[in-house]
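Just so you know, we're using full-length UniProt numbering here: the sequence shown kicks off at 1 and counts up by one.
If you are wondering where the hints come from, they were derived from the structure by calculation, not from laboratory data. Among the hints, a few may not be true.
[Said to hold, decoys possible] If you anchor each label on the Cβ, the simulated ranges turn out as follows:
| hint | residue 1 | residue 2 | range |
| --- | --- | --- | --- |
| 1 | E87 | D130 | 29 to 39 Å |
| 2 | R94 | G6 | 37 to 47 Å |
| 3 | P110 | K135 | 39 to 49 Å |
[Said to hold, decoys possible] With a cut-off of at most 30 Å between alpha-carbon atoms, the simulated DSBU-like pairs for lysine-lysine come out as follows:
| hint | residue 1 | residue 2 |
| --- | --- | --- |
| 4 | K54 | K101 |
| 5 | K54 | K31 |
| 6 | K80 | K31 |
| 7 | K135 | K18 |
| 8 | K135 | K80 |
| 9 | K54 | K103 |
| 10 | K136 | K54 |
| 11 | K101 | K80 |
| 12 | K136 | K101 |
| 13 | K31 | K136 |
From a predicted model like this one, the values you see are computed outputs, not experimental measurements. The beta-carbon is built from N, C-alpha and C at its ideal position, and this holds for glycine as well.
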Amino acid sequence: MFETGGLNHVTIFVRDLKRSLEFYTEILRMKIIHEGDDYAYLESGTTWFCISQKPFEKGKYEQIGVNHISLTVASEDFDKAVAHLRENHVPIVRDPVIRGKGKTVNFLDPDGLQWEFHTSNLAERMTVIDEMERKKRA
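Input sequences plus hints: build the corresponding full structure.
The structure is reproduced here in structure tokens:
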């Protein structure tokens, strides 16, 4: 058996990153934690939000709005969680992968909303991303 450890983050796809960041930071008073060319991670209390303006591929990630909801799962429970999804015939839309210092798997609920199990917190992941971006610039 496994348990989720609460909300990890929410990813929201937007049409205009600049406009959205102004809204989330100035109106909702969220704090920018990390910013890339087409995305930003914001913090509100203990909850993280990824605001992303990505070029859309036809038929893939076309919607504007919530892209996925991520729940934290302990590293030692990750394989059990994935097995539980498979045993219950839950559609997995992105197989387990290592991202940053943790593992993730993305799956759909009965209404097609995408969920994710994630084993690391975003602060750890941002450290890895920052290091990768520094190496690219060097």
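Q. Straight-line Cα separation of K54 and K101 no greater than 30 Å?
A. 23 Å, holds
Q) Hey, K136 versus K54, does the alpha-carbon distance stay inside 30 Å? A) Since the Cα atoms of K136 and K54 sit roughly 20 Å apart, the hinted pair holds (cutoff 30 Å).
Q | C-beta pair P110, K135: status relative to the range 39 to 49 Å that was hinted | A | Given about 42 Å between the Cβ atoms, the range holds.
Q.
Check the hint pairing K136 with K101 against an upper bound of 30 Å on the C-alpha distance.
A. 19 Å, holds
Q. K101 and K80: Cα distance at most 30 Å?
A. 19 Å, holds
Q. Does K31 pair with K136 here, judged by a C-alpha cut-off of 30 Å?
A. 26 Å, holds
Q: Take the C-alpha atoms of K80 and K31, compute the straight-line distance between them, and say whether it is at most 30 Å.
A: 34 Å, violated
Q: Below or equal to 30 Å on CA atoms is what counts here, so check K135 against K18.
A: Holds: K135 and K18 sit about 26 Å apart, inside 30 Å.
Q: Mind checking the alpha carbons of K54 and K31 for me, to see if they're no more than 30 Å apart?
A: OK: K54 and K31 at ~21 Å, within 30 Å.
Q. Taking 30 Å as the top limit, are the C-alpha atoms of K54 and K103 close enough?
A. Given pair K54, K103 holds - Cα atoms ~22 Å apart, limit 30 Å.
**Q.** Consistency of beta-carbon spacing, D130 to E87, with hint 29 to 39 Å
**A.** At roughly 38 Å between Cβ atoms, D130 and E87 fall inside 29 to 39 Å, so the hint holds.
(Q) Quick check on a hinted range of 37 to 47 Å for R94 and G6, using CB atoms only. (A) Check failed, 21 Å falls outside 37 to 47 Å.
Hint violations for this structure: numbers 2, 6 and 8, all remaining hints satisfied.
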